[in-house]
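**Q** Residues per chain, in single letters:
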Amino acid sequence: MYQYDSYDQAMVDARVEEFRDQARRRLEGKLTEDQFKPLRLMNGLYLQLHAYMLRVAVPYGTLNSQQMEALADIAEKYDRGYGHFTTRQNIQYNWIKLEDAADILADLSRVEMHAIQTSGNCIRNISSDHFAGAAADEVVDPRPYAELLRQWSSFHPEFTYLPRKFKIAVIASEKDRAAMRLHDIGIRIVRRDAGEIGAQFYVGGGMGRTPMIAPLVRDFVPLDQLITYAEACLRVYNRYGRRDNKYKARIKILVHELGAAEYTRQVEEEFAHMLAVGVEPPREELARIATYFADPAFAEGPKTLDRSDPDFALWVDRNTHRHKHDAYVSAVISLKPVGGIPGDATADQMRLVAKLARDYSFDELRVMHTQNLLLPHVRIADLHAVWTALDQAGLGAPNMDTIEDIIACPGLDYCSLANARSIPLAQRISERFAQAGRTEVVGELKLKISGCINACGHHHAGHIGILGVDKKGTENYQLSLGGSEAEDVSLAKITGPGFDEDGVIAAVEKVTDVYLASRTDGERFLDTYRRIGMEPFKEALYG
Amino acid sequence: MDKARDLGTSPDEVQFRFRDDEPVDHGTVTVDAAIDQSNAAAVRIEPGDDTRLLLPFLDRLALVEVNFPSFGDGRGYSAARILREAGYTGELRAVGDVLIDQLSHMRRCGFDSFAPDKRLDEEDAARAFATWDNVYQRAADARRTIPEQRHEA
Chain C
615 MYQYDSYDQA
625 MVDARVEEFR
635 DQARRRLEGK
645 LTEDQFKPLR
655 LMNGLYLQLH
665 AYMLRVAVPY
675 GTLNSQQMEA
685 LADIAEKYDR
695 GYGHFTTRQN
705 IQYNWIKLED
715 AADILADLSR
725 VEMHAIQTSG
735 NCIRNISSDH
745 FAGAAADEVV
755 DPRPYAELLR
765 QWSSFHPEFT
775 YLPRKFKIAV
785 IASEKDRAAM
795 RLHDIGIRIV
805 RRDAGEIGAQ
815 FYVGGGMGRT
825 PMIAPLVRDF
835 VPLDQLITYA
845 EACLRVYNRY
855 GRRDNKYKAR
865 IKILVHELGA
875 AEYTRQVEEE
885 FAHMLAVGVE
895 PPREELARIA
905 TYFADPAFAE
915 GPKTLDRSDP
925 DFALWVDRNT
935 HRHKHDAYVS
945 AVISLKPVGG
955 IPGDATADQM
965 RLVAKLARDY
975 SFDELRVMHT
985 QNLLLPHVRI
995 ADLHAVWTAL
1005 DQAGLGAPNM
1015 DTIEDIIACP
1025 GLDYCSLANA
1035 RSIPLAQRIS
1045 ERFAQAGRTE
1055 VVGELKLKIS
1065 GCINACGHHH
1075 AGHIGILGVD
1085 KKGTENYQLS
1095 LGGSEAEDVS
1105 LAKITGPGFD
1115 EDGVIAAVEK
1125 VTDVYLASRT
1135 DGERFLDTYR
1145 RIGMEPFKEA
1155 LYG
Chain Z
4 MDKARDLGTS
14 PDEVQFRFRD
24 DEPVDHGTVT
34 VDAAIDQSNA
44 AAVRIEPGDD
54 TRLLLPFLDR
64 LALVEVNFPS
74 FGDGRGYSAA
84 RILREAGYTG
94 ELRAVGDVLI
104 DQLSHMRRCG
114 FDSFAPDKRL
124 DEEDAARAFA
134 TWDNVYQRAA
144 DARRTIPEQR
154 HEA
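Protein chains in written order, with the working numbering: chain C, 615 to 1157; chain Z, 4 to 156.
Watch out, some of these pointers could steer you wrong.
Unchecked claim - Each computed EDC-like pair below joins lysine to aspartate or glutamate, with the alpha-carbon atoms no more than 16 Å apart:
| no. | chain 1 | residue 1 | chain 2 | residue 2 |
| --- | --- | --- | --- | --- |
| 1 | C | 917 | C | 858 |
| 2 | C | 1152 | C | 1127 |
| 3 | C | 969 | C | 683 |
| 4 | C | 1107 | C | 1054 |
| 5 | C | 789 | C | 1101 |
| 6 | C | 711 | C | 690 |
| 7 | C | 691 | C | 713 |
| 8 | C | 644 | C | 632 |
| 9 | C | 644 | Z | 125 |
| 10 | C | 1124 | C | 1114 |
| 11 | C | 644 | Z | 120 |
| 12 | C | 691 | C | 721 |
| 13 | C | 860 | Z | 124 |
| 14 | C | 938 | C | 914 |
| 15 | C | 644 | Z | 76 |
| 16 | C | 644 | Z | 100 |
| 17 | C | 651 | Z | 125 |
| 18 | C | 789 | C | 1114 |
| 19 | C | 644 | Z | 126 |
| 20 | C | 779 | Z | 76 |
| 21 | C | 644 | Z | 127 |
| 22 | C | 1086 | C | 1115 |
| 23 | C | 862 | Z | 126 |
Quick caveat, the hints were computed from the structure, so don't treat them as lab data.
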């Protein structure tokens, strides 16, 4: 994985000192809270319902064991002994004191980490496929391109006061495991028939209160023009994105109002201009970065395993993913124990995961956008040992992509924007399905819960989505069906009137009843919904 | 005081200037007026203006002010770079809600003078201008970027 050179380290250290100075000026009254707010946000510091929250960047979801151990130390030293992994492959701490923030950033800097641009109206942490560098189906490892973009977007002088936040995801396979088309810019690295590699640009996707699927803006950007094209996309947005209404300020609104064709025309014009100006880093830079992402020394080994323990066999079937080397798999560490808080991990669990990465996965770990962790390169021969250790630590839930693998925002338990709680609902639904033994029966079913219309819990993209709203002072939940964040991307549709907490849990059971009664062989919930449509589900819910 | 003076900032209001030439001291006009008046030498760009409308007239401009009515509105950064990319070499002045923590980025985008609404602390400003020993991206300044330095022979 990538390692800082002296330049990268100096940039992060300079940022820590800059923030220390900003915090000092805030305390001395030289900065008003309004002036300080965007500065602290660009260093990951939010003010939530009960305390400050610090969001730490995990660039493209990749980290090593030493970094994970540092995250565990921070959880213990400055928070309440745990952290929360997010849908953009970051980690956030929910109980931070403002006066500790600069010291935490300094601790992070010592392990080549930071909280730069994890919030604010700027280019956020670049996300990617969590299986990058391991998946059998990728064209290339997308992370060198993500790292190139990370450096370019860090402290960008022109794009630090954008109309609104800006999220970029980079993938390199047909399968989309990063919700690429629901980002402000989604980049897919592709190989043309002639063999040359380039980038597809999808621009103007997003969730929030106005969900949009990003249209394709350019089907092939040569790799030595990648930064230039991104710069052109951003400049058109910075100049013409709406600033009169923060709810219409994301690039998706600009692209929608202009139309994809007109937005594209403006980008192409700016792109031609910027090619002439020359903003691309030297070609050698991408090659330099790519050397850090060379394959580890994979060794031959057994390709089959002993499946006599049914619990182990179930975990292998559910939580492992095919690797490009056939003696290895990628192993998902579920942070969705039945009845638990989606995405939370204790400091001890983080340390165990770090140890497993060191012992069994070439020192590498990933954070998944589904709020789970991943050991990308595990020898099939080592799988049983890995599973045993995980299971003993409460990390062995065999539930990847099942109804227990719920994405949920922090909701009203933490967030000052929320209308309703998300976490207790996720806990109750996973308990209900687990206790009834229905999780495996139902199979792949992505359930996503947001506590308000900002959609941090991705409810628009859930096979089943739940949106918490405020109805005359009580929490109410709208149910929607048919969304997907994957390569078959679609937006979920609302079933009808909302439910109270007990009611929405019963409603989730009812729609799975309809699915089980209607499915044909091999159909997932989403496939059945797409085949039979909304009516049978509505009938069961409201008929 | 004439109308035009009301629109622009005077040399007295400039707190930081990174140029050796004498500052121009005559009326600043709007972008629309600059296009109509063949003798206007100083113009003021507001956030909603299309900076590129000025490109045919750059030769006769000695001062361009870019107004930041609110520091969070970042359109002026693009305006500045566009002017420098088009070869504008005259004074480029950031005016309005210009604060300490935006100075280094503004400088990189091509601003070479600063007339903040409220005078800034000199020491804090000096530190802010010097925040970044190195930079990742190409911009309107001539700084060699980190990627370029990495690959020098």
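**Q** Run the distance test for residue 1086 of chain C versus residue 1115 of chain C: straight-line Cα separation, threshold 16 Å.
**A** Measuring from Cα to Cα gives roughly 15 Å; hence the hint holds.
**Q** Decide if the proposed pair is consistent with the structure: residue 1124 of chain C and residue 1114 of chain C, CA atoms, cutoff 16 Å inclusive.
**A** 15 Å, holds
**Q** Would you mind confirming whether the straight-line C-alpha gap from residue 651 of chain C to residue 125 of chain Z stays at or under 16 Å?
**A** Roughly 22 Å separates the two Cα atoms, so the pair is violated.
**Q** For a C-alpha distance cap of 16 Å, please report whether residue 644 of chain C and residue 100 of chain Z respect it.
**A** Judged against 16 Å, a Cα distance of about 14 Å means the pair holds.
**Q** Holds or violated: are the alpha carbons of residue 779 of chain C and residue 76 of chain Z at most 16 Å from each other?
**A** This hinted pair holds, its Cα atoms lying about 13 Å apart.
**Q** When you check the alpha-carbon spacing of residue 789 of chain C and residue 1114 of chain C, does it fall within 16 Å?
**A** 36 Å, violated
**Q** Compare the distance between the alpha carbons of residue 691 of chain C and residue 721 of chain C with 16 Å, and conclude whether the hinted pair is satisfied.
**A** 11 Å, holds
**Q** Holds or violated: residue 644 of chain C with residue 127 of chain Z, Cα cutoff 16 Å?
**A** 10 Å, holds
**Q** If you draw a straight line from the CA of residue 644 of chain C to the CA of residue 632 of chain C, is it 16 Å or shorter?
**A** 15 Å, holds
**Q** Is the straight-line distance between the alpha-carbon of residue 862 of chain C and that of residue 126 of chain Z 16 Å or less?
**A** Given pair residue 862 of chain C, residue 126 of chain Z is violated - Cα atoms ~39 Å apart, limit 16 Å.
**Q** Mind checking the alpha carbons of residue 860 of chain C and residue 124 of chain Z for me, to see if they're no more than 16 Å apart?
**A** 32 Å, violated
**Q** Quickly compare the C-alpha distance for residue 691 of chain C and residue 713 of chain C to 16 Å and report which way the hint goes.
**A** Holds, at about 13 Å.
The structure does not agree with the numbered hints 1, 4, 13, 15, 17, 18, 23 stated previously, though it agrees with the rest.
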